[in-house]
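Going line by line, the protein sequences match chains A and B. All residue numbers for the first sequence refer to our numbering, where the first residue is 1 and numbers rise by one. All residue numbers for the second sequence refer to our numbering, where the first residue is 1 and numbers rise by one.
Hints in this document: simulated from the structure, not taken from any laboratory. The beta-carbon is built from N, C-alpha and C at its ideal position, and this holds for glycine as well. Be careful, since some hints might not be right.
[As the list claims (entries may be wrong)] Restricting the straight-line Cα-Cα distance to at most 27 Å, the calculated cross-link-like pairs of lysine-lysine (DSS-like) are:
no., chain 1, residue 1, chain 2, residue 2
1, A, Lys-56, B, Lys-123
2, B, Lys-45, A, Lys-44
3, B, Lys-157, B, Lys-123
4, B, Lys-152, B, Lys-169
5, A, Lys-44, B, Lys-157
6, A, Lys-105, B, Lys-105
7, A, Lys-198, A, Lys-64
8, A, Lys-141, B, Lys-45
9, B, Lys-45, A, Lys-56
10, B, Lys-44, A, Lys-56
11, A, Lys-157, A, Lys-122
12, B, Lys-123, B, Lys-105
13, B, Lys-63, B, Lys-44
14, A, Lys-45, B, Lys-45
15, B, Lys-105, A, Lys-45
16, B, Lys-44, B, Lys-56
17, B, Lys-59, A, Lys-44
18, A, Lys-123, B, Lys-56
19, A, Lys-123, A, Lys-56
20, A, Lys-169, A, Lys-141
21, B, Lys-44, A, Lys-44
22, B, Lys-169, B, Lys-123
23, A, Lys-122, B, Lys-56
24, B, Lys-44, A, Lys-59
25, A, Lys-141, B, Lys-44
26, B, Lys-122, A, Lys-56
27, B, Lys-63, A, Lys-45
[Claimed, not checked] So these bits of chain B aren't anywhere near chain A, every CB distance computed over 10 Å:
no., residue
28, Asp-7
29, Gln-16
30, Gln-91
31, Pro-94
32, Glu-117
33, Arg-202
[Unchecked claim] Not everything, but these chain B residues come out facing chain A in the computed CB check (under 10 Å):
no., residue
34, Glu-43
35, Ser-47
36, Thr-48
37, Arg-49
38, Leu-52
39, Ile-61
40, Ile-77
Number of protein chains: 2
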Amino acid sequence: MEKVQTDYSLYLCTDQGCIGERNFYQVVEHAIQGGCSVVQLREKKCSTREFLQTAKRIKAITKKYNIPLIINDRIDICLAADAEGVHLGLQDMPVAEARRLLGDKKIIGCSAHSLTEACQAKKEGADYLGVGAVFATDTKKDAVTTSLDTLKEICQKINLPVVAIGGVKEDNADLLRDTGIAGIAVISAIMADSEPRKAAERLKRILNSMDL
Amino acid sequence: MEKVQTDYSLYLCTDQGCIGERNFYQVVEHAIQGGCSVVQLREKKCSTREFLQTAKRIKAITKKYNIPLIINDRIDICLAADAEGVHLGLQDMPVAEARRLLGDKKIIGCSAHSLTEACQAKKEGADYLGVGAVFATDTKKDAVTTSLDTLKEICQKINLPVVAIGGVKEDNADLLRDTGIAGIAVISAIMADSEPRKAAERLKRILNSMDL
Numbered sequence: 001m002e003k004v005q006t007d008y009s010l011y012l013c014t015d016q017g018c019i020g021e022r023n024f025y026q027v028v029e030h031a032i033q034g035g036c037s038v039v040q041l042r043e044k045k046c047s048t049r050e051f052l053q054t055a056k057r058i059k060a061i062t063k064k065y066n067i068p069l070i071i072n073d074r075i076d077i078c079l080a081a082d083a084e085g086v087h088l089g090l091q092d093m094p095v096a097e098a099r100r101l102l103g104d105k106k107i108i109g110c111s112a113h114s115l116t117e118a119c120q121a122k123k124e125g126a127d128y129l130g131v132g133a134v135f136a137t138d139t140k141k142d143a144v145t146t147s148l149d150t151l152k153e154i155c156q157k158i159n160l161p162v163v164a165i166g167g168v169k170e171d172n173a174d175l176l177r178d179t180g181i182a183g184i185a186v187i188s189a190i191m192a193d194s195e196p197r198k199a200a201e202r203l204k205r206i207l208n209s210m211d212l
Numbered sequence: 001m002e003k004v005q006t007d008y009s010l011y012l013c014t015d016q017g018c019i020g021e022r023n024f025y026q027v028v029e030h031a032i033q034g035g036c037s038v039v040q041l042r043e044k045k046c047s048t049r050e051f052l053q054t055a056k057r058i059k060a061i062t063k064k065y066n067i068p069l070i071i072n073d074r075i076d077i078c079l080a081a082d083a084e085g086v087h088l089g090l091q092d093m094p095v096a097e098a099r100r101l102l103g104d105k106k107i108i109g110c111s112a113h114s115l116t117e118a119c120q121a122k123k124e125g126a127d128y129l130g131v132g133a134v135f136a137t138d139t140k141k142d143a144v145t146t147s148l149d150t151l152k153e154i155c156q157k158i159n160l161p162v163v164a165i166g167g168v169k170e171d172n173a174d175l176l177r178d179t180g181i182a183g184i185a186v187i188s189a190i191m192a193d194s195e196p197r198k199a200a201e202r203l204k205r206i207l208n209s210m211d212l
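The shape of chain A in the complex, shown without the other chains (with noise of 0.2 Å):
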């Protein structure tokens, strides 16, 4: 899987805390079979040995639909689960450290909150960028919020792949037509949808009409 082919349209971030007691693996192999383009997998509460386990077990669903996978924060997890790449934020390892230890062929996206952030993202080695809050969430009460004219002008300014992430749903997914982004994030709209299959594809419809 090369990494400039990489297809950001329908990118799902996992949260174990939103699937009540359905089955993690089963919900994200769902989600990928409705059209989710790429999986982020974060875990912040787990121990290392769990959070492997569980990127491991993820790595092999992702495989077998060959897409990527893409860890939040640990640069360890990354390279012994083999997963495609890291996704980075502001308390995460910087960008350049990042790449320094993960060299040309994994992904490292970086979260950015501003066309300054984006920038120094882009100046470090960032192949794509995680760009919001854009819409209020739940997931992430504490999250710091981007406009839409913010979002247009990275799109517009950097040159780079531009996810969309924040409190995107199918009911405003819409409202970013013609920003410039490659893809919308989504957690719970999939994640939290008792048929995940069916929500990514709704989705995915809605990302077609915006030619995405």
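Please build the complex by placing chain B on the supplied structure of chain A, with the hints as guidance.
Just chain B now, with coordinates in the frame of chain A:
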């Protein structure tokens, strides 16, 4: 610094929780001046970015005194801070995977509570063992204990340096005489002492009397 020459005699495990208002870096530096021969940095609560910043500052100190810095759990931090190695517990990455990621030049230490765990760690490629808790300890109240007989057996049967850990202090260190250990690991016996340099010096004298 060749890992084969590592002096494990007085192994300091850091704990920012037991230094009160004092400067963490100064406490560590004084401990080294008092004779600590290895520093293990353990940070379970902070972000990756903070952990890395702390690791780099500690590395600058350990480098000045030419002693190895070992990072608890996190291989990503070890690589990014160019520490000499990692220490892995049962909730961390398995030793064999860590070895694959770190290569042969980094030190990998592993916690062991029994001969079986010690054998396994050796088989997977550990460079040294942390065995304990040999005494009751307040720093880690849920610690599994290891008897001095088991400690001795591990030292006899496993051809690796063994560091005894868990509640080791001035008034009980002598009980470890003739067990075959390569050193003692201490946290509060040095970190919580208002004069960490002197605390380290006193422990060093006890170790010297034990031919360590």
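Each hint tested on the structure:
1. Lys-56(A) x Lys-123(B): holds, 23 Å
2. Lys-45(B) x Lys-44(A): Since the Cα atoms of Lys-45(B) and Lys-44(A) sit roughly 11 Å apart, the hinted pair holds (cutoff 27 Å).
3. Lys-157(B) x Lys-123(B): holds, 13 Å
4. Lys-152(B) x Lys-169(B): Satisfied, since the Cα-Cα distance of roughly 19 Å is no more than 27 Å.
5. Lys-44(A) x Lys-157(B): Roughly 39 Å between the alpha carbons, so the hint for Lys-44(A) and Lys-157(B) is violated.
6. Lys-105(A) x Lys-105(B): Holds - the C-alpha atoms of Lys-105(B) and Lys-105(A) are around 23 Å apart, at most 27 Å.
7. Lys-198(A) x Lys-64(A): Holds - the C-alpha atoms of Lys-64(A) and Lys-198(A) are around 20 Å apart, at most 27 Å.
8. Lys-141(A) x Lys-45(B): Answer holds: Lys-141(A) to Lys-45(B) is near 20 Å, not above 27 Å.
9. Lys-45(B) x Lys-56(A): Holds, at roughly 24 Å.
10. Lys-44(B) x Lys-56(A): holds, 23 Å
11. Lys-157(A) x Lys-122(A): holds, 11 Å
12. Lys-123(B) x Lys-105(B): Given that 27 Å is the threshold and the Cα spacing comes to 17 Å, the pair holds.
13. Lys-63(B) x Lys-44(B): holds, 23 Å
14. Lys-45(A) x Lys-45(B): Roughly 10 Å between the alpha carbons, so the hint for Lys-45(A) and Lys-45(B) holds.
15. Lys-105(B) x Lys-45(A): Distance ~31 Å between Lys-105(B) and Lys-45(A) Cα, so the pair is violated.
16. Lys-44(B) x Lys-56(B): holds, 16 Å
17. Lys-59(B) x Lys-44(A): holds, 26 Å
18. Lys-123(A) x Lys-56(B): holds, 23 Å
19. Lys-123(A) x Lys-56(A): violated, 31 Å
20. Lys-169(A) x Lys-141(A): holds, 16 Å
21. Lys-44(B) x Lys-44(A): holds, 12 Å
22. Lys-169(B) x Lys-123(B): violated, 31 Å
23. Lys-122(A) x Lys-56(B): holds, 24 Å
24. Lys-44(B) x Lys-59(A): holds, 26 Å
25. Lys-141(A) x Lys-44(B): Given that 27 Å is the threshold and the Cα spacing comes to 23 Å, the pair holds.
26. Lys-122(B) x Lys-56(A): Status holds; Cα separation ~24 Å.
27. Lys-63(B) x Lys-45(A): Distance ~32 Å between Lys-63(B) and Lys-45(A) Cα, so the pair is violated.
28. Asp-7: Holds, since 27 Å exceeds 10 Å.
29. Gln-16: holds, 18 Å
30. Gln-91: violated, 4 Å
31. Pro-94: About 7 Å separates Pro-94(B) from the closest Cβ of chain A, which leaves it inside 10 Å; violated.
32. Glu-117: holds, 14 Å
33. Arg-202: holds, 35 Å
34. Glu-43: violated, 13 Å
35. Ser-47: holds, 4 Å
36. Thr-48: This hint holds: Thr-48(B) lies near chain A, its Cβ roughly 5 Å from the closest one there, short of 10 Å.
37. Arg-49: This interface hint holds because 5 Å falls under the 10 Å limit.
38. Leu-52: holds, 6 Å
39. Ile-61: Where the cut-off is 10 Å and the nearest Cβ of chain A is about 20 Å from Ile-61(B), the hint is violated.
40. Ile-77: holds, 8 Å
Of the numbered hints given earlier, the model fails hints 5, 15, 19, 22, 27, 30, 31, 34, 39; all others are met.
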